[in-house]
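If you're matching them up, the sequences are chains A and B in order.
Here the working numbering is used: position 203 in the first sequence is 203, and no number is missing along the way.
Here the working numbering is used: position 255 in the second sequence is 1255, and no number is missing along the way.
Careful, some of the hints might be misleading.
Result set (DSS-like, lysine-lysine): computed pairs, CA atoms no more than 30 Å apart in a straight line [to be verified]:
no.	chain 1	residue 1	chain 2	residue 2
1	A	K65	B	K1319
2	B	K1205	A	K38
3	B	K1319	A	K103
4	B	K1319	A	K38
5	A	K84	B	K1319
6	A	K65	B	K1205
7	A	K84	A	K25
Distance ranges between label pairs, derived from CB positions [unchecked claim]:
no.	chain 1	residue 1	chain 2	residue 2	range
8	B	P1535	A	T31	47 to 53 Å
9	B	D1366	A	M80	56 to 62 Å
10	B	E1072	A	A215	26 to 32 Å
11	B	E1072	A	I17	34 to 40 Å
Everything labelled a hint here was simulated from the structure, so no lab data went into it.
For each residue, glycine too, the CB sits at the ideal point set by N, CA and C.
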Amino acid sequence: MVLVDIRETKSVKAADIFLQVRPGKDFELITILRAMIKDQPISETQIAETGLTMEQLQDFVSRMKAARFGVMFFGMGLSMTRGKHMNSAALLTLAAEMNAFTKFVAMPMRGHGNVTGADVIMRSQTGYPFGISFNRGYPRYNPGEFSTVDVLVRGDTDCAFIIGADPGATMPQPAIDHLARIPTIVLDPHVTHTSRLSRVHITTAPAGISAPGTAYRMDEIPLPLHPALESPYPSDEEVVRRINETLMKKPDWMGERPQILQTQI
Amino acid sequence: MLRITGGTVYDPANGINGEVRDLNVEDGKFVSSVTSGRTIDATGLVIFPGGVDVHTHVAGGSINFARAMTPEDHRRTQAFIRSQTRRSGLGGMAPTTFATGYLYAGMGFTTVNEAAVPVLSARHTHEEMADIPILDKSCLVLMANNEIMLDLLEAGEYERAKHIVAWHIWAAKAYGVKAVNPGGVAAWKWGKDANHLSDPIEGYKNTTPGSIVTSLAKIVDELGIPHPIHLHCNNLGVPGNISTTLETMKHLEGHRAHLAHLQYHAYGGDDWHTMRSEAAQLAEYFNAHPNMTTDAGAVLFGDTVTITADGPWQHLLYKLTGRKWGNLDVENETGCGIVPYSYRPSNLVNAVQWATGLELLLLIDDPWRVFLSTDHPNGACFWRYPEIVQLLMCADFRKECMAGLAPEVMNRITLPEINREYTLYEIATIMSAGPARALGLGQKGNLGVGKDADIVIYHQDKDIARMFGHPRYVIKRGEIVIEEGDIRETPDGNEYLVKPSFDPGTDEFLRPLFEDRYCMSFENYPVEIERIERPEFQQCITSE
Ligand SMILES: [Zn+2]
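Kindly generate the complete structure, drawing on both the sequences and the hints.
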């Protein structure tokens, strides 16, 4: 196992080799590796910029090529730092190109909770994983515009429904201020930071402990959840279903709209 | 209750070829008469049984991966707007679940068969299928690269392998068995492929793609699964693969078999420069062997995204196109690859593929054995089927299209010499009655009393693509779902299941093997029957 990081983390103990890359130089490192696997010339100075040496990278490349099945795991340290999605794209390309030599795959390490499950279901129902707006009656995607944090910071919503997340603990202050300003509804087994600034908190049964359901593994394999305990609280699903049923009784508020748009506007 | 009077009826399952008949519907089924209810005057209109797609990819991990890879396409495609009772969605190369139902129903299809499901992610496939409105659905479990089964075949334990297959069909809550590139997908885990039917596959001494094909076909027959083995042959898409395909067909003698997307398996030549169509040779063999059915896997020019469990082929396609490539390996079971692709008339290979699909449809003489498909989304998106119908019914239109091909294509294809034009009766056969029969769904593709009242009513129109793309009415189990292009109702569809019998000791046999190799617990592996929202059981065929 080869670990690449900007500092020595706890994972170093498990790694055979640790490569300490200079902060913000992931893209450069990946691009150099892409060149090296194809035997394209790379100068010592280019490599030195990444904080690593020619010997280290040559050894790394030969280990990758010698593997029978290689996996690259990557996380937010790559996708949320300088270069962002360009870094992920470069790594995915490196993985694809490694297949000219041996079997290689790349896989993102997902965050806590059932974030993969949300991503999978949003994709099947709307085509997009996150950052979706339904305000024109059909799904539109624009991360940076429709992502939760952007919508909140701009103050675009007049109501918030929070489920399976605690933005009150993690989001920037302007987003939190807006959540406190508008009617915010929280569904959570615990009273969270967000619950404290919400108008309504509904306690729900924790999934996998006292509510059934499905959690998706990082590789998108769905696992059934078998509750071990009874809970006096309803599941998230039941609460959402009951809210939906009540909304359905309201008169049609959408007005006349076409069924289909041949071209999106 | 519903009466449809005066329409010109095409019902191949009952030998009715363009006769004026009245249809009566009660409780979702055809009856001989009704006493009240709505009457549709179909005088001057054409009536077909609802369309049945024998091979498509509309639900599950791979199409969902394709959705993730093509946001730019979602943006340029048509959008379905939500109403208080109808969900929103997007069409395009990989339509979203709700839109998939609207689009299929919108062109008169009421039943689809999702052709490739690994057990490990079957739970998710069923979630997506439950989300697809209007259509009745079935799905096939991928078996030909399952390492536990391959190990048993290697050890000569055929009977045990049979129980394992039956167990997996039930575990996946599937309707039948799909075999993709037998041995090749397993070899791909090691970056290899399986190219020769008689060579042992990577990691095995005796087991060959040929022996897997024969054993699985026999197993599916002996288990009495209503739909025969559904086979995606080795060497898909490769020039010269006709020899592999013919060899595979020989391995299937004495068994029922459905060969998927035959277009991709009907090429001559030695490389991309010399590739030519061998549809004529393939059709000749096929015509003489009534144990087989097939679907065309036809190609239409334009943009699409290709997805298949054939991982090695997708890696090759990625290297050829330099476009995006996604690859999934599903533990011990299978894998899949995804590459966006544009078929162009100016591209020699694409032009040969386009002609090959049509040639197969035109040269296989029994419409009960060759079905309309594009292997959606691989050859083209399913919502383009009406264009294929037009190509089949109008030889002049075909000639017009051929004029746009590169001239050097002409001596590599036989399409210019074919004058056959499909009749409406034959179209109703390849689009509905035939695939329903091949799937063993006796209640579908049939307008007879007691059958499911799935009906399409078309305007007579000289513009064939318009006629089939815009039905006047689409009726699902007696309910009008589409009327003149508008979605009226979006009822939920059923899911077809079979439960073949297997040795009750199979669980205990599998458990240690499973715990040794998989990284989920054995109890969590099979899909619980409670998760299937509207199951409808089909009986296995009892052996005589
Ligand atoms: Zn397919």
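Contradicted hints - numbers only: Per hint list: single violation, 2.
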